[in-house]
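Each chain, written out:
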Amino acid sequence: MVRIPSESPDDKEFIAYMEKLLQKEGAKTCLDDFGNLVAKFPAKNSLNNEPIMFCCHGDTVKPGIGIEPVIEGGNIRSKGDTILGGDDKAGIAEIIEMLRSAKKHPPIEVVITRCEELAPAGAEFLDYSLIDSKMGYVLDMDTPSDVIIGGPTCIFFNVKFKGVPAHSGVCPEKGISAIQVAAEAISNLRLGRIDHETTANVGVIKGGASMNVIPEDAELAVECRSLNNETALKVFDEMKTVFVNAAKKFDAKVHIDATTALEAYSIPKDAKVVQLAVNAMKKNGVTPDVKAIAGGTDATHINHKGIQTAVLGIGGRMMHSTEEYVIIDELIAITNIITTIVEDLA
Amino acid sequence: MNNQRLIDTFCELVRISSETPNDKEFVTYMENLFIKEGAKTAKDKFGNLVAKFPALNSNKKEYVAFGGHADTVKPGIGIKPIVQDGLIRSQGDTILGADDKGGIAEFLEAFRSAKKRPPLEFILTRCEERATEGSSNMDYSLVSSKMAYVIDEEEIDSIVIGAPTKFALYVEYSGVSAHASEPENGVSAIIPAAKAISMMKLGRIDHETTANVGIIDGGQVVNGIPDKVNIVAECRSCNHDKAVALAKEMERIFKLAADENNVKVNIQSEIKYYSFQISDSHPVVKYAIDAMSKNGITPRLKIITGGLDSNNFNRNGIVTATLGLGCRGIHTKEETAIVKDMEKITKAIIDLIESLA
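Top to bottom, those sequences are chains A and B. Heads up: the first sequence begins at 0 in numbering that gives the first Met the number 0, then just goes up one per residue. Heads up: the second sequence begins at 0 in numbering that gives the first Met the number 0, then just goes up one per residue.
Just so you know, these hints were derived from the structure itself, not from any lab. Positions of the beta carbon are idealized from the N, C-alpha and C atoms, including for glycine. Heads up, some of the hints might be wrong.
What the hints assert, rightly or not - According to the in silico footprint, chain A covers these stretches of chain B (three or more CB under 8 Å from chain A):
id: 1; region: 3 to 13
id: 2; region: 332 to 346
Unchecked claim - Sample of chain B residues at the chain A side, in silico, Cβ under 8 Å:
id: 3; residue: 32
id: 4; residue: 74
id: 5; residue: 91
id: 6; residue: 141
id: 7; residue: 219
id: 8; residue: 280
id: 9; residue: 282
What the hints assert, rightly or not - When the alpha-carbon atoms are kept at most 30 Å apart in a straight line, the in silico BS3-like pairs for lysine-lysine are as follows:
id: 10; chain 1: B; residue 1: 227; chain 2: A; residue 2: 239
id: 11; chain 1: A; residue 1: 161; chain 2: B; residue 2: 115
id: 12; chain 1: B; residue 1: 254; chain 2: B; residue 2: 332
id: 13; chain 1: A; residue 1: 173; chain 2: B; residue 2: 115
id: 14; chain 1: B; residue 1: 339; chain 2: A; residue 2: 205
id: 15; chain 1: B; residue 1: 227; chain 2: A; residue 2: 247
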């Protein structure tokens, strides 16, 4: 699978490949308008008619063209000039192996999303009327012990300050420095770790064009994120006030353009979807690490659509780099864990 | 003096493009022209030109220099001067290039018209518009004059007798990048940059001193803790010691913010040009005042806040005043030469040259 390139957003060919493969495995498939794939497998040796969902994404980051996997010392890596694409094709391979190996299982819905690596992601456009499951798993974390039960609200915003240009040597009193306004604002912000589940960052600053001109423009790219949606909104409001006040102080203009890229979710630790994974891990000798993370996955969107979904590992490391590799032992361990999950549910 | 020849020469010069630093062709053109007018010429390594003209109807042995720069700002290719209603403009898609070819044309006309003169030098510098690069790199052993007039201001009543020292500060903060959700693993370079700038006094510091942060550029992505920020700042003062002290103070604040925020900082501080101040009573000023007054111009002695070739000339022992050439709106497509003012200042320069003979 990793030999088939699928750099986002050019992942439709890979989705078509997967559709055929899953049909051969016995699934009924359909694509939604965005091109996300839903494949439905009937129950096997089970009277349980409550389906369970397994979801991975079909796209990869760059450079992902011409990947040649190399198996070496229990790991699989690329030849070094590309990513490996284990993120997230290791997860897909594990699901396929689980489907083939499980002696019994309830109805299973396999969802392959497009463009997870982009924002907005394919899962945002997924047609959820195609999915009957009430719970499921996304396979997209690192290790076999990962059970992710929460993700953050993430607010990205661009801040544009506009001052007044003037020659810095001739008539600086006629100018208003947009850089000075931006600097004043940033030095009044709370940045970095705000509390145990909240962070804020100014990622990019750009301002001015010439040494001898009072800069008219300065632009910032800012984010805040929190596992607590209300905290994220509160921090965002607080930051906005700081930007507006700095502009006021210098008589400059400010324009703030915000997008909520992700909205926080959280699954209770005693939810069935969590307990199933925890028990399956223990049966397979893995100590579960149940936690929330500060990044987004497809699970963020899926949980908000009413499908209680935990994120599990795939056995990969150094994702998004040309050093990306997959640990074969972990690949096997995770396959065993999800096989146990579906057999326990049968 | 021949008014038509003045305007014709001016229009001819601006038609030859010489955007910084592509001004060598124009310098060669001027060298040939000066040779035709009877000069001996020499170029230094940087390409600056010195043309020496012998005295005429005068026993004076001491050279006096005039100066101008060969380069123009952009857009300066394909300039077509349009003379209309006593004004000269470009077609609107380029600058005019009066800065500084107006000054060169006026010198030529004054030189051609003066009935007597001391030995004269014309210093034609390259790349003045790039922080006076040509005159900074000039071989001053080629120049014999102890006093000079640069013709490079807009208004014809100007006599510039002072200009500032300017420092350029190039600052680079280096922190540690990390994902924004893991601030413990990173150190933001934007925070110390912002703290430093917000601690600084910028803009007008006093009547002769200014400071500015002109450019800031840092970070790559919104969800990454930025590990690099670059800042370009400047300060200038007509009082050299104040400029030095202010540059040191800005450097101190940039460093302090780095130390307080645990990031590395690399600061390069360069003097772009040195201040000068000529006394009101210096002969170079008095001769100019007399020649202008004689032609109905009320001179204004000015201390300016920019850098000129005269900063470097003065620093190298040539007492230099800068005169106006009669234009407005330099460095813009609206740049306009005023024919009456060009004629008036040329007449004054003729009188100046003759009074020096």
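Structure-based check of all given hints:
By the rule of at least three residues with a Cβ nearer than 8 Å to a Cβ of chain A, the coverage given for the region 3 to 13 of chain B is violated, with 0 such residues. Coverage of a stretch by a chain is defined here by at least three residues with a beta carbon nearer than 8 Å to that chain's beta carbons; for the region 332 to 346 of chain B and chain A the count is 0, and the condition is violated. Interface restraint check: residue 32 of chain B against chain A, minimum CB-CB distance 33 Å, threshold 8 Å, status violated. Interface restraint check: residue 74 of chain B against chain A, minimum CB-CB distance 16 Å, threshold 8 Å, status violated.
With a cut of 8 Å, the hint placing residue 91 of chain B at the interface with chain A is violated, because the nearest CB-to-CB distance is about 22 Å. A hinted interface residue such as residue 141 of chain B counts as satisfied when its beta carbon comes closer than 8 Å to some beta carbon of chain A; here the least separation is about 30 Å, so the hint is violated. Below 8 Å, beta-carbon pairs count as interface contacts, and residue 219 of chain B has one with chain A at about 7 Å; its hint therefore holds. Using the Cβ-Cβ criterion of 8 Å, the hint placing residue 280 of chain B at the interface with chain A is not satisfied: the shortest such distance is roughly 27 Å.
Interface hint status for residue 282 of chain B: violated, as the beta-carbon distance to the closest one in chain A is roughly 29 Å, over 8 Å. Of the supplied pair hints, the one linking residue 227 of chain B and residue 239 of chain A holds, its CA atoms being roughly 24 Å apart against a limit of 30 Å. Taking the CA atoms of residue 161 of chain A and residue 115 of chain B, the gap is about 57 Å. The hint is violated against a cut of 30 Å. At roughly 41 Å between alpha-carbon atoms, residue 254 of chain B and residue 332 of chain B are farther apart than 30 Å, so this suggested pair is violated.
A distance of roughly 47 Å separates the Cα atoms of residue 173 of chain A and residue 115 of chain B; the hinted pair therefore is violated under the 30 Å criterion. For the given pair, residue 339 of chain B sits about 45 Å from residue 205 of chain A by alpha-carbon distance, which is inconsistent with the 30 Å threshold. Between residue 227 of chain B and residue 247 of chain A the alpha-carbon distance is near 28 Å, which keeps this suggested pair within the 30 Å criterion.
Hint check: violations occur at hints 1, 2, 3, 4, 5, 6, 8, 9, 11, 12, 13 and 14; the rest are consistent with the structure.
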